[in-house]
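S.K.: Could you build all of it, start to finish, from the sequences and the hints given here?
So the protein sequences, as listed, match chains A and B.
Under the numbering used here, the letters of the first sequence match residues 1 to 636, in that order.
Under the numbering used here, the letters of the second sequence match residues 1001 to 1237, in that order.
It is possible that part of the hints are untrue.
Stated by the list, open to error - Here are the simulated SDA-like pairs of lysine to any residue, each with C-alpha atoms no more than 25 Å apart in a straight line:
#, chain 1, residue 1, chain 2, residue 2
1, A, LYS610, B, GLU1033
2, A, LYS181, A, LEU240
3, A, LYS424, B, GLU1033
Honestly, the hints are just simulated from the structure, not real lab data.
Below, each chain spelled out in residue letters.
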Amino acid sequence: MLFSRNWLQTFFETPLPQAEVLEEKLTFYSSEIDEVTAVGDDMVFDIKILPDKSAWLLSHRGVAKELAVILDLPMMNDPLQEAPATFAETDTVTVNTTTPTCDYYSVARISGVTVGESPAWLKTALGAIGQRSINNIVDATNYVMFHLGQPLHAFDAGKLVAKDGVNNITVRSAKDGEEFKSLTGEEYVLTTNDAVITDGHTDTVLALAGVKGGVGSGVDESTTVILLEAAHFERVATRLTSKRHKLQTDASKRYENGIDKTLAQYGLVAGANLITQVAGGEVVGMKSVGDEAITRRAPVSVSLERINSIFGLALTQAEVEIIIKCFGYEYTFKDEMLEVTPPFERNDLVIAEDVIEEIGRMYGLTHIVSIAPTPMAVAECNSRHFYAEKIRHALMGIGFSEVYTSTFRANDIVKIENALASDKGYLRSTLVLNIKEAGERNISYRDLLGLTAVKIFEIGTVFGSQSEEFRVCLLVQSGTSYKAKMDEPLVAEALTTLSEVLGVTPELLSNENGVVEFSLDALLSQLPAVTAYEEVLSSEAIRYQPFSVYPSVSRDIAMWVDESTIVEEVATALLAAAGALCVRITHLDTFTKDDRTSMAFRLVFQSNEKTLTGSEADEMMNSVYSVILERGWEVR
Amino acid sequence: MKNIGHQHPLSKVIAEINQIFAEIGFVFAEGPERELVKYNFDMLNVPVDHPSRDMQDTFYLADAPELVMRTHTSAVQVRYMLDNKPPIRMICPGKVFRNEATDATHEAQFFQLEGLMIDKDISLGHMKGVLEYFFSKFFGGEVQVRFRPSFFPFVEPGVEVDMKIASQEGNKLSGKWIELMGAGMVHPNVLHAAGVDPKTYQGFAFGMGMDRLAVMKYGVDDIRLMYNGDLRFVNQF
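M.R.: This is the structure we're talking about:
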């Protein structure tokens, strides 16, 4: 949620510190900050409010309270400090709730309002946190929601039916198939698990409870009398309604995070007062149903010893008491036993660990002191990891490269309910198809990488309808031209190597066209237990170099040279002549016949900027031919 | 034959992680990638119909509402505690899944490293010590760790972990704080659900992205390269 520094300032007499200081304090004592932006003369913080604190921290009052504790700065006016105010009851409206998902519903009647533009301060405040100004009434309800965290909704009383001058609001379960059109025009078909606010005299749906207002009862220029709603809807029911209709709103988000029902009482008065301030008129009175008792939270006890044992610290009772005092909680602290009674809005303080966290974050988590671990042997070794490593290193020793491929396939046995894309709708039941695709993809890179064959393997999980196992799959594709062939002799060599290293011959699940697969899990049962890991040799520092996405072009060249000429000398000369776009030169063969020595090389050209054409490669080869001529070598 | 092959960077990272943690007695544990909802969420104090479930976008399996592709290796915490009595020192490197659009820094499948240490007196101080030990060995050079307040349903207190590698010439990662992962003290509800008495035992858990470790260690610029089988990438390792 976005928070305005100017808005936060309204809670304090003393000027708040600069934005950078606030950012740092909030980061280390409260919540992560995604971004800080300047908006006019204001600074706006995008604070990541996590689910545990969303019931009270999704409001400027919540963050102001955090700042009061962190900065040890008294709040000039904490709106939740005193018991909630009320208005006199009015007979002009009656309220009923017939659904258990609404345990408190209140409405204030305000007459004589003039709907119009909001005053500048209100527009600026909402604008700073990215909220568009609608009109003074709607803006006032939004302001209170972002101020206190309590959603409000204003109905135009003139659009409701009055019998003998009395309106009726009824909160009930929706009927199966009942239609609801939101104030922004979207249509929804409701179920009996949704709750709706209705005009009790006509049974017309006015709003989807806890989520959004409906079309036809909203405030417009002609409105003079409003019914302002402040209610409490059950968190899970609101969440399910919001999910069912894919409609998450600022209001539903607050209800599903469990804002307390007491908050509605504060919200109603704050909303009604703000409306009369910005739109004129007067509060006729209010009506409410449901439990009005202020939520009383159960005390939470925690010992000083437990606090210290969680953080690895040695705080004294006096030190902890200084922190706990800053929160302004009701507490007792006797003989190193702390008992805290959380305020009504703090639904996140239930067990000892919750209170320990509060103390820890205000003490400063950065002050936690490292305790170095003690070396000790592992109780057991992971044989799957051990043998997977053995297989890897055996295959790498004969030139194989290890690949990781996707768990997802376009089609297979096990289907994903909510796939990312149609070609990722299933879990793989074999590694064979993936490795074949990887093999094909890599054929064209052989020259670039200086490979005579693509030799790859994967060790990974595959899925049957019930089963899940680790498999090993390897592939060889060789050939002297771009028409690669599957090379079974090289596969046989790899299998022999594995049998030698493991002492057991893997039983193959498949062996076709240069691709074999076997189950690592099945193999493990035949292998000896592992008592110690082999040492991992720390490799030299590797830094990955981004590679060109464009294809490479290869040119072969063969020449006669003197018998005394060495390969490196020729290669160096050719590489220099070929220019910067020659990214690899591979020595293909050397043979001597009739006192003359032939050497053949493959030069690979590639650009970082484009696909090279054949004629561009030929041009670069012309420089190579010139150098060959200069050196007295003879192109064959 | 001088033709020596190449090990995938994630395999390298897993092997190094295991070696570093094995020296301080952390066992390499495992669990299935297709996991029961009860291990992935319920027993980790992530109640059904609670906003905390939205913190991870989940892949569900067709016709099997009791199953998910595990969204984190934390599921293995529960399995391990059910099978092993404290003291516990455990790591679990493994593949996890999130139903998120992919880009250069996000993959719908990636690897996580879970760590769990439980005994009678294990504190956040021990976690700081273990993480500093690990990062120092893994990245080479002295590494500092710091905590910031955060929230994950399966820990309380929950923290965000940052690390800083001591300044090294030519090392772009060094000398600055880098946000790395979530961690905290295992929530009593999780201990209880996994058969460990929270009155007697306590400890920490952490979960970090291993792809991120590989990206940082090797300077990889696109995480998707890890999973497309392209030898232009793998053969650099």
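S.K.: Give a verdict on every hint.
M.R.: A quick look at each hint next to the structure:
For the suggested pair LYS610(A) and GLU1033(B), the alpha carbons sit about 41 Å apart, so the restraint of at most 25 Å is broken. With a CA separation close to 18 Å, the supplied pair LYS181(A) and LEU240(A) stays within the 25 Å bound. Only pairs whose Cα atoms come within 25 Å are accepted, and LYS424(A) paired with GLU1033(B) is accepted, the gap being roughly 16 Å.
Consistency note: the structure conflicts with earlier hint 1 alone.
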